[in-house]
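Protein sequences appear in the order of chains P and R. Numbering-wise, the numbering used here puts 178 at position 178 of the first sequence, and it's gapless, one number per residue. Heads up, the numbering used here is the position in the second sequence plus 1000, with the first residue counted as 1.
It should be emphasised that the hints constitute simulated quantities derived from the structure, not laboratory data. All clues stand as given, with none of them false.
Restricting the straight-line Cα-Cα distance to at most 25 Å, the calculated cross-link-like pairs of lysine to any residue (SDA-like) are:
#, chain 1, residue 1, chain 2, residue 2
1, P, K160, P, S247
2, R, K1257, P, N93
3, P, K124, R, E1105
4, R, K1020, R, G1254
5, P, K145, P, G89
6, P, K91, P, T153
7, R, K1291, R, E1034
8, P, K76, P, L55
9, P, K119, P, A205
10, R, K1257, P, A251
11, P, K113, R, P1078
12, R, K1170, R, E1079
13, P, K119, R, G1102
14, P, K160, P, R252
15, P, K160, P, L42
16, P, K51, P, D100
17, P, K51, P, S264
18, P, K124, R, G1100
19, P, K124, R, R1101
20, P, K91, R, L1006
21, P, K76, P, G35
22, R, K1257, P, E181
23, P, K91, R, P1092
24, R, K1257, R, Q1011
25, P, K145, R, Q1011
26, R, K1170, R, D1195
27, P, K91, R, G1253
28, P, K145, R, D1104
29, P, K29, R, E1077
30, R, K1257, P, D122
31, R, K1129, P, V209
32, R, K1129, R, F1286
33, P, K124, R, G1102
34, R, K1129, P, Q211
35, R, K1129, R, V1140
36, R, K1257, P, A222
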Amino acid sequence: MSANIFDRRRVNGPPRSVEPLYTDEGDVKPFTNGGRADGRSLDQLRPIFIKTGPLAVQPTFSPTAPSGSAYYEQGKIRISCAVYGPRQGRKSNPRMGSFDCDFQYAPFSCSWKRRPHIKGADEKEIALILEQAMAPAIRLEAYPKACIDAFVTVIESDGKFATISAAINCISAALADAGIELYDIVAACSMSLNASQWVSDCNQAEEDVSQCSLFVSRMPSADEITYLLQQGKTMPDQTDRAVQTCSNSCARVYAVLSRYLQASMEQPAS
Amino acid sequence: MASLILSPAEQDFIIRGVEKGFRGDGRGSLDRREVTLRTGMISQANGSARCRIGSLGVGTDILVGVKAEVNTWAAGEPEECGTIVCNVECSPSAAQEFEGRGADEINVELTQLLDRIVGGEQSGLDLRKLCIIPRQAYWVLHIDALVLDVKGGVADALVWATRAALLATKLPRVVVESVTDDSGVARAEFDVVDDAEDQMGLEGARDLPLAATFNQIGRRYVVDASEQEEAVTQAKLTVAVSPKMEICAIQKGGMLKGFAPSLLSEITQTALRIAKEEFARFDALFAEASKHNGELDEEPSTGSTFLEPF
Chain P
1 MSANIFDRRR VNGPPRSVEP LYTDEGDVKP FTNGGRADGR SLDQLRPIFI KTGPLAVQPT
61 FSPTAPSGSA YYEQGKIRIS CAVYGPRQGR KSNPRMGSFD CDFQYAPFSC SWKRRPHIKG
121 ADEKEIALIL EQAMAPAIRL EAYPKACIDA FVTVIESDGK FATISAAINC ISAALADAGI
181 ELYDIVAACS MSLNASQWVS DCNQAEEDVS QCSLFVSRMP SADEITYLLQ QGKTMPDQTD
241 RAVQTCSNSC ARVYAVLSRY LQASMEQPAS
Chain R
1001 MASLILSPAE QDFIIRGVEK GFRGDGRGSL DRREVTLRTG MISQANGSAR CRIGSLGVGT
1061 DILVGVKAEV NTWAAGEPEE CGTIVCNVEC SPSAAQEFEG RGADEINVEL TQLLDRIVGG
1121 EQSGLDLRKL CIIPRQAYWV LHIDALVLDV KGGVADALVW ATRAALLATK LPRVVVESVT
1181 DDSGVARAEF DVVDDAEDQM GLEGARDLPL AATFNQIGRR YVVDASEQEE AVTQAKLTVA
1241 VSPKMEICAI QKGGMLKGFA PSLLSEITQT ALRIAKEEFA RFDALFAEAS KHNGELDEEP
1301 STGSTFLEPF
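Using the sequences and the hints, build the whole thing.
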């Protein structure tokens, strides 16, 4: 439905387009001859890059600038997040603050199809997942009547579950940058099951051929799992094993996040 | 669903009760409320079911209709599979906050949950059997659920009703024949047989999962929370288990807290343990429901008369 709406405020592409000729590079099958296409080991995560404060307007303070922001890369995934608040919200609860999350794929972010500007059901659901994964970490009772908003934009995605976990890590960094009171940093990691082997942090090609994907978000020092999502069929002991491995990977992501955040505190960004 | 506001004393009463193994309505922590199931009440649909969890006409009430349509294949779609499209809508009659756009968020949440459980291969349905002619035509099963009343445990009732509706679904037979046109090129054509007698059930529908939602209240958890219990729930976990005791989907819900890892594995173990009883209960109810399939005058299916008086 949304694809047919002509949006005159934006530059629309040509009405008809021809698929480009791809080189053979895209045809590399994941998991051929036992290993992964990018040479990682089965439980190796893609390298992570974080930067807080890319959206801050400095040095002049602007009322429209976000209270905190973060940019996150994990392999090909690129995500930016802006956090506003605590500020006055529409829903005001005298006992607790509220945390709202907005998630959007950029139109060019997915490899298989252009994303329409109008939000799809999956984006709305991911926003809800992010809210539920992050809210347990935020001291919402410290912000009565206030509202904290996180706006996540996916600039490039590579694997749905990997993108959701990357978004969680990105929001964590942005919330910390905004100085919101947190119980702990939430770190997340995804995994997919391929030929009864769990593979960490899968990209799109690897997720496509897997029979089951799962992600765990966790507060490592509080030892609390804030979100768990599994799509696809597994045997019960496989799920247990995956949650275990994912939890360990979350601790590794957590180490990267907290090391960066500590360093950024010691040396304020120039 | 946070519309129900309880006083601190009442919240405390529920939380402490659950921690000691007592619930307001006398159930054990893993007991489900009374389930009522009816099938085949929508004559226009290929399969339908209504599930109510709760007693005496008060409870979560969900109506599911399955409608099959033939779709022409377009480039980029799977070549030898049919598809399942889920849609869940919460009626404003269920709760006042569902009026207007108020139900948007919960609609999306439940739709995606249902899609995660029954929308693909993990449901056990044989999607290849829904293909009519590869790269030409396939069946689309539209699963439309209407939430008529919300009294806690919507996700469970939704999956129960959907399983019943899909088990009751009958697809018309399709005849595929090879036609040679004037230029001598052979191609496949199909015909949907329009005969109410000549229909068959879905392949693999018996492998469809059932879901149980575990609500964490205080330090313990309960299955099938009532409306009051849901108001004090800190986190919940929906686990879908197939009859072969595989886990088909897991989803966490709730904004307030997370789960301790030990509690999490305890919950998945419990989900598998109670699944056997749940399937036995479902099968008994479904067999009972199929006996008077759609006989409306004998069994009025609306309002509080939907339930048999005790």
